[in-house]
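Visitor: Taking the hints into account, I'd like the entire structure generated from these sequences.
For the sequence shown, counting from 1, position 169 maps to 168 in our numbering; every step adds exactly one.
One or more hints might be untrue.
[Claimed, not checked] Derived Cβ-Cβ restraints for the label pairs, each shown as a range:
hint: 1; residue 1: Pro6; residue 2: Trp169; range: 14 to 24 angstroms
hint: 2; residue 1: Asp166; residue 2: Cys38; range: 14 to 24 angstroms
hint: 3; residue 1: Gly156; residue 2: Lys131; range: 29 to 39 angstroms
hint: 4; residue 1: Phe41; residue 2: Gly156; range: 12 to 22 angstroms
hint: 5; residue 1: Arg99; residue 2: Cys38; range: 31 to 41 angstroms
hint: 6; residue 1: Asn42; residue 2: Leu177; range: 34 to 44 angstroms
hint: 7; residue 1: Ser140; residue 2: Asp79; range: 15 to 25 angstroms
[What the hints assert, rightly or not] Calculated pairs, DSS-like style, for lysine-lysine (alpha carbon to alpha carbon, straight line, at most 25 angstroms):
hint: 8; residue 1: Lys131; residue 2: Lys98
hint: 9; residue 1: Lys36; residue 2: Lys23
hint: 10; residue 1: Lys98; residue 2: Lys112
Just so you know, the hints here were simulated from the structure itself, not pulled from any lab data. A quick note: this is a predicted structure, and the numbers were derived from the prediction, not measured. Idealized CB from N, CA, C, for every residue including glycine.
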Amino acid sequence: MDSASLPHRIEMISSFVAIDEVTKKFVDVERFNALCKACRNFNAKWSCPPFDFEPLEYWAQYRQLEVTCAIVAFPPFDADKRPVAEIDAMKWAALAEAKRDLEDRLLEREREKPGSKALFPGSCSRCATPCKRALGRQCASPETLRFSIESLGGDVGLMQRELFGLDLVWANAGEIPLRYQLVGGLLS
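Guide: Here is the structure:
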C-alpha cells in the first residue's frame with residue numbers, strides 16, 4: 000500500500016423525499032445556523048451562511064429532494080503501525096475523493112434534469128484557491144457554487160438515519176472507522 004493511500008470502497012445510495020416532508024421533518028434553519036456560526040467557514044465561504052435569502056424560501060422553489068449518501072467503507076486497517084498524522088492524511092484523502100465523486104455525480108444529475116440544483120456535501124471546495132468571500136469579493140466560480148443540505152438548515156444525520164438506517168460515524172485522530180458517510184442531494 001502506498002503511504003498516501005488508504006484502501007476504501009465508495010458506494011452511493013439515494014432516496015427521494017417530497018420538499019414538504021423535507022422542510023417539516025429534516026430542516027431546522029435556526030438550529031443549524033447556530034451550529035454553522037461555530038464553523039470557520041461561516042461568513043468565509045459563499046456556500047455557507049449567512050445568506051442574502053431565506054433558506055426555507057430556497058427549499059420551497061422545488062418539489063423534491065433526491066438525497067444521495069456516499070458511503071466510504073474502509074477494510075480493517077492496523078493504524079497502530081503508522082503515525083497519527085499519516086493516518087489522518089490518508090483518511091482525509093479518501094474522504095476528499097468521495098466528496099469529489101459525489102459532487103461530480105450530483106452535477107451530472109443536475110445536467111440531466113433541467114431546473115434542478117445540486118446540494119454538495121459540506122462546504123464548497125470546488126475552487127483551487129481560498130474562497131473570495133473571506134476577502135469581501137464575489138464568488139470566483141459561481142457556475143460551480145452549490146450550497147449544502149446543512150447550510151440550508153437540513154439535518155443530514157437525521158436524514159441518514161431515517162432514509163438509510165445509518166448513524167453518523169465519528170473517529171478520533173489516528174483512528175480509521177469502518178465507514179464514513181457524505182450526504183448531498185438534488186433539488187428538483
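Visitor: Quick check: which numbered hints come out false for this structure?
Guide: Violated: hints 5, 7.
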